[in-house]
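Colleague: Start counting the sequence shown at 1; every next residue gets the next number (the numbering used here).
Derived from the structure by calculation, the hints contain no laboratory data.
Take these hints with a grain of salt, some might be off.
Said to hold, decoys possible - Taking lysine to aspartate or glutamate pairs in the DMTMM-like style, the calculated list, with each CA pair at most 20 Å apart, reads: (1) K349 <-> D288; (2) K349 <-> E285; (3) K292 <-> D10; (4) K59 <-> E285; (5) K349 <-> D10; (6) K59 <-> D288; (7) K122 <-> D288.
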Amino acid sequence: MNRKSLWDIDWGLILPVGILVALSLATLFSLNFSLFRSQSVFLVVSIFAFIFFSQVNYKIIQLYATHIYIVSVVLLVLVLILGIETRGSVRWIEILGFNIQFSEILKPFLAISLSSYLINLKNHSFKSMAIVILFLLPIAFLIFFQPDLGNALIFAIVTFLTLVFFGFPFKFFLAGIISIVAVFPIFWEILHDYQRQRITTFLNPGTDPLGTSYNSIQSIIAVGSGMIIGKGFGQGTQSGLRFLPERHTDFIFATISEQLGFIGTTVILISFGFLLFRIFIIFQESRDRFCKTFAATAFFIILIQFFINTGMNMGIIPIVGVTLPFMSYGGSSLLSNFIILGLLTAVNKASKREDVLEIR
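Just need the whole structure built from these sequences, with the hints factored in.
Modeller: If you want it as structure tokens, here you go:
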């Protein structure tokens, strides 16, 4: 690892992420110093992970795509067996005093496995698509049974969008949609009571304002009360007085909206816009099929998490428990997203080297 390569930083990725992380840390500091301190430690670990993965040879990782998938399934099984139960969910395993959420950390690695499998397909037949879905099912169900509906949906939606991007015929997706509608009654029955309540609450928010509708209502109030310039760091009523639940994780967007108002949320939207645009440019400039597919999958991972989190904070989609990338409190989520950045940097460096070789 030479020094020149180490400091070859893609500022198009780092600058918007730096703004998002800075806003997150400032908000956590205003809420609780212990949250700020813990997230700062997570950030240092994540930066080291970013540096490490930015230096890897993606072709070596690609060779172990199948092994990565098998290890991922094993780890998710271990979570159900050895995991720590918190609020009725078993999503974390304690390692060296830290609670690790593998459904978060495995996102970039499963993107590698999916990308590697897709580029080796010989055709775009229905059989090939069915195999990809079978590839997804063990992961989605193991996460769903934790239960973690949010991350299970992310894996499903990202896989669906990647298949669309990869060029499978639309009629295959139509058949899939019809199948989903047909089995929805069964899916509804296996949902937990609180998950069904979140969906019915979304359809009729006023049914139980002090019960199932409480989270959504408080989030909408927090977003709206910030108005143009916000109430200032540490001055929010909904977040400061803890009316807003999970103010530092699932609802950090509402917390920032209350404290910094429309100006703060605009900064967040612009930062995510620049980040996604930069990932799109990496996708366009990549000539290797694996690099191109991985960049597209990474784009979908960031986009879907951003859309679901901000959407549920503003009450336009049901609350499913999805973190806001680079902003929500939590080491596993932060580490996962920085690994994605590191792999994207490695892909971009490889593309540049190939261009230099061609010019010579």
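Colleague: Would you mind marking each hint as holding or not holding in the structure?
Modeller: Going through the hints against the structure:
no., hint, verdict
1, K349 <-> D288, "12 Å, holds"
2, K349 <-> E285, "11 Å, holds"
3, K292 <-> D10, "17 Å, holds"
4, K59 <-> E285, "17 Å, holds"
5, K349 <-> D10, "9 Å, holds"
6, K59 <-> D288, "10 Å, holds"
7, K122 <-> D288, "16 Å, holds"
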